[in-house]
Each structure stands twice: as C-alpha cells, then as structure tokens.
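Visitor: Here's the letter readout for the chains.
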Amino acid sequence: MLHEAFPDCLALISKVTAGDFVDIINEAIQVFTDAGIGDAVKVTLIMATCSVTISSFLGISLGLFLEQAHFPGKRLLIRVNHTLLGSPPVVVGLLVYLLLMRNGPLGELSLLFTIKGMVLAQIIIITPIITSMVHSYAVNTAPAVRAFAVAMGATKRQTKILIVKEMKNEIYFAIVTGFGRAISEVGSVMLVGGNIEGRTRTMTTAISMLKSQGIYTEGVTLGVLLLVFAFILQGAAGCFQKRELQNENY
Amino acid sequence: MRIINLKKQLGRFTIDIPYLELASGCIHGFIGENGSGKTTTAKLIADILQPDEGKILYDGLDKRSVTMTAQKPYMLHTSVYENIIYPLKIRNIKPNEIEIDNMLKKHDLYEKKKQYARSLSSGEQQKLSLLRALIFKPEFVIVDETLSNLSAESLELFENLILEMQKARRITWVLISHQPHIINELCDTVHFFSNGRLLESGKKEQVFLCSQNPIVKTYVQRQTFGLLKER
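Going down the list, the protein sequences come from chains P and C.
When the letters of the first sequence are read in order and numbered with our numbering, they come out as residues 1 to 250.
When the letters of the second sequence are read in order and numbered with our numbering, they come out as residues 1 to 231.
It is possible that some hints are incorrect.
[To be verified] Below, computed lysine-lysine pairings styled on DSBU-like, alpha-carbon distance capped at 30 Å:
id : chain 1 : residue 1 : chain 2 : residue 2
1  : C       : Lys63     : C       : Lys217
2  : P       : Lys74     : C       : Lys7
3  : C       : Lys113    : C       : Lys94
4  : C       : Lys113    : P       : Lys168
5  : C       : Lys112    : P       : Lys168
6  : C       : Lys137    : P       : Lys165
7  : C       : Lys63     : P       : Lys160
8  : P       : Lys156    : C       : Lys167
9  : C       : Lys72     : P       : Lys165
10 : P       : Lys165    : C       : Lys7
11 : P       : Lys168    : C       : Lys106
12 : C       : Lys112    : P       : Lys160
13 : P       : Lys160    : C       : Lys167
14 : C       : Lys72     : P       : Lys160
15 : P       : Lys165    : C       : Lys112
16 : P       : Lys156    : C       : Lys106
17 : C       : Lys113    : C       : Lys203
18 : C       : Lys94     : C       : Lys106
Calculated from the structure, these hints are not laboratory results.
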C-alpha cells in the first residue's frame, strides 16, 4: 500500500547510494561543527542557564513570599508583576541598554555587549513569569500544606521545606517555561548583546541575521536545533506529568 | 487547656468564646450545627489559626504535641508509608518498622503501604490520617469529622483504638462529629457551639438531658431521633 502511494519517493530513495548517504551526513556534521553555530549554541545555553538559575531563585522566593506575606501594597505588587509578564522584550532590552550604555547609570560596569548584560535583560523578562506561576500555584496549594504541617507539629522551617516539596512539579514546570522563554528570546538579547559573533551571538539572533543575509541552510539548522531543545524540555516535563498521573491513578 | 476571651473574625463570621476549659485526659465532644464554629475553634487550639484577641493557655502542654486531623485530610504527594512516618521524620525519630507494619495490617492498609497515598479511597485516607496523627504519640488530639467516611467495621476499630489508648496513656481528645453515637459512646464532656459562641459545656448527660437552652434542646432532640434511627 505504501509502495502504491509513494512510488516516486521510494524509487528516489532506492537510488541513493551509500556514498550519497555519507555525503549527507558529512554535510550535516559540517553545518553543526561550524564555529559560528557552535558558539551560538554555547552562548545560548550559557545565557539561558545563568538567567534561569537566577530567575528561578528570585521567582520562587518572591512567589512564595507573595502567597504568605500580608503587607500594604501587596495587590499592587502582584498586579505590577502581572503587567511585567506581558512586557515586550524589545522594550526591556532598550531599558537595559540605556542602563548599561557607557553614559548610563550602570555604564561603569561595562556589561553592554556581554553575556552578563544579556543575562540581566533575561532575568527581567523571566523572573515575573516564574514569580507569577509559583504564586498562583502556591495560592492553591500552600494553605492546605501549611495547616497540615502545623497540625503535625512541623517547625516554620520544616513547613517551608514541605511547601516547596509539595509544589516541586509545579515549580519544575515554571522553570521549564522560563528556560523555554530564555532560549527563544530575540529582541532584548539582540539589543543588549549586539549579536557579536563568538561572543554574544545566540541561536535566535543568528537565525535572524542569517535570514536577513539569505543564508537559509544554517538558519534552518539552528531552528531545528532550537526545536530539538524545546522538544527535550517538553519531553522532560511530560515525563514528570506522566509519573504524577500514573501515581494518582495507581 | 483553657481558652480565655478568644475572638477570631473570619469574614462576617466571628468566634467569641469568653471561657472554655478542656480538662486533660478526657475525651471532649464539640457539637453543633454546620458553621457553628467547632472547626474554627479547633484550628485555633491546634495553632493553625491565630486569634485576634484572647489567649489559649496550654498549661504546660507543648504546642507540637497538639495534633489535628481533618474531614478531608491532606495527603502528601508520596506513598502511604512516607505519609505515616512524616511526623516522626520532622521529630528525628527513627520509625519502628514492625510497629508500623502491625498498625497498617490492623487497619487493612498494609497491602497499600507503597501505594501513592492520594490514590486511596476517602475512607482509607481518613484512616491513614488518623494513624499518621497518632504515630508520634501526641498529648492532645483533635479529630475533626475524620471518622465520617469510615465503614462500620473501621469505625468500631477506631473507637476501640481510642478507648485502648485512653486506658494505656490518658491523652486529651476533642472529637468533632455529627454522628450521635460517637459522641455518646466516647465522650466524657460535650461543648455545644452555635453561631460562633459556646452555648453549653459540661458532662454529656448534663448537656443532653438537663439543658434549658432551646437551641441545645432542639439539637439534642434531633440527634436523639438520629440515634434511635441508627439503632
């Protein structure tokens, strides 16, 4: 049936010799080992890992703090955080650029066109996402966990640890979402990083540049790589969810 | 334990208890209609809620030895066994595996020892929450309608467990229940709540038979009818 449906395709495949196959593999390896692409992947991963690590620490702490603490202006702070969720990365990039430029308030730190500067911009974009997700999960989960822990005689520290433990899957999802955002972001890293080859060029800024130069092969390769990263992240998140569902329906 | 001038506002609902004494070593029953303030008072005693005014004098009792189980108990995202040993873990007490296994066997939970606790039925979860609350040998136990979903057999088992525990080591119990036979068979004293206030407090015979308060009388009549129906 397959043979009937795709006769031309099969005929074409049958004509591919072992030599052709080796050539295809070599070409693919050459594209992947190209210095520019390798560096872009490395910069992307370093930037995403650093920014997500710092954002996770800030976002998880702030999300849990907002759930538990009562202070004047708490609602306003939550609203501001929600507003920051939708802030355009280009605007964030511009603000960070203005902060880090030579004449800016943080100009002396010389962070413009460096990975550290890009990480700063990413933190501003990702922290509100993780804060918001952790806060909304905590509002639903933490009061019951806290009541249980107190009823069992847990200390304040043990209660906090238990809340984080009980929310571990949700926290993991928030981190994965943040990482996904970090590797796919273009606007702010382009402005703050400057897309310098080998130093601040990320996969997304490289794709953008390659497209403008009409070099599609490498652009598509990087795009596929980005999709592979997204797939791996999603797969890991899916595994967590599957395990949870299996446990629930044991 | 004594409660003095306790006040707690929750939305439009207010708990206002001028004085309540819970004699140690006794089984107390908190009774009253739904929304009368029984659970809120229990949560204040268990330190889950903080009072707006007044105080709770624990009279030498360690707050960490007061425990409470709820009608819909919270189950940790882990196995039955890990749930059971949580109170021991936080006290750095090494679990006695034989004792735990015997306890689980007695209450038909041994086969499910490694099972995910949230996959248990509501009755099994209630049983597990009671065992979990008792494993660290607390001094003061509040059982908030936790016995409501148990089968007749399990209920009898737990009633016996409570009575056996009282014989071996007298601890203080507060049972919150709408099941008249539980209050009747287990409790020494009864405290009647209505609309956030404590209307009547005393020996169960005194409250059930001699109360002059019309609200208490009506409730008792209904419960007596329920008790007759149960028999």
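Visitor: Hint by hint, say whether it matches the structure.
Guide: Hint-by-hint comparison with the structure:
1. For the proposed pair Lys63 (chain C) and Lys217 (chain C), the alpha carbon gap of about 35 Å is over 30 Å, so the pair is violated.
2. Only pairs whose Cα atoms come within 30 Å are accepted, and Lys74 (chain P) paired with Lys7 (chain C) is accepted, the gap being roughly 26 Å.
3. A hinted pair counts as satisfied when its Cα atoms are at most 30 Å apart, and Lys113 (chain C) with Lys94 (chain C) qualifies at roughly 17 Å.
4. Distance hint between Lys113 (chain C) and Lys168 (chain P) is fulfilled; the C-alpha atoms sit about 23 Å from each other, no more than 30 Å.
5. Restraint check for Lys112 (chain C) and Lys168 (chain P): satisfied, since their Cα atoms lie roughly 24 Å apart, inside the 30 Å limit.
6. Between Lys137 (chain C) and Lys165 (chain P), the direct Cα distance comes to roughly 25 Å. Compliance with the 30 Å bound is thereby established for this hinted pair.
7. Between the alpha carbons of Lys63 (chain C) and Lys160 (chain P) the distance comes to roughly 18 Å, so the proposed pair stays at or under 30 Å and holds.
8. For the hint linking Lys156 (chain P) to Lys167 (chain C), the alpha-carbon distance of about 34 Å lies beyond 30 Å, and the restraint is violated.
9. With a C-alpha separation of about 20 Å, the suggested pair Lys72 (chain C) and Lys165 (chain P) falls inside the 30 Å cut-off, and the hint holds.
10. A threshold of 30 Å between alpha carbons decides the hint, and for Lys165 (chain P) with Lys7 (chain C) the separation of about 34 Å lies outside it, so the pair is violated.
11. In summary, the hint linking Lys168 (chain P) to Lys106 (chain C) is not supported, as the alpha carbons are separated by about 33 Å, beyond the 30 Å threshold.
12. Pair hint Lys112 (chain C) plus Lys160 (chain P) holds up; C-alpha atoms about 28 Å apart against a cutoff of 30 Å.
13. Between Lys160 (chain P) and Lys167 (chain C) the alpha-carbon distance is near 37 Å, which puts this suggested pair outside the 30 Å criterion.
14. Under the criterion of a C-alpha separation no larger than 30 Å, the hint pairing Lys72 (chain C) with Lys160 (chain P) is consistent with the structure, at around 22 Å.
15. Between Lys165 (chain P) and Lys112 (chain C) the CA atoms are separated by roughly 22 Å; this keeps the pair inside 30 Å, and the hint holds.
16. With a CA separation close to 34 Å, the supplied pair Lys156 (chain P) and Lys106 (chain C) exceeds the 30 Å bound.
17. Between Lys113 (chain C) and Lys203 (chain C) the CA atoms are separated by roughly 40 Å; this puts the pair beyond 30 Å, and the hint is violated.
18. Proposed proximity of Lys94 (chain C) and Lys106 (chain C) is supported: the alpha carbons are some 21 Å apart, at most 30 Å.
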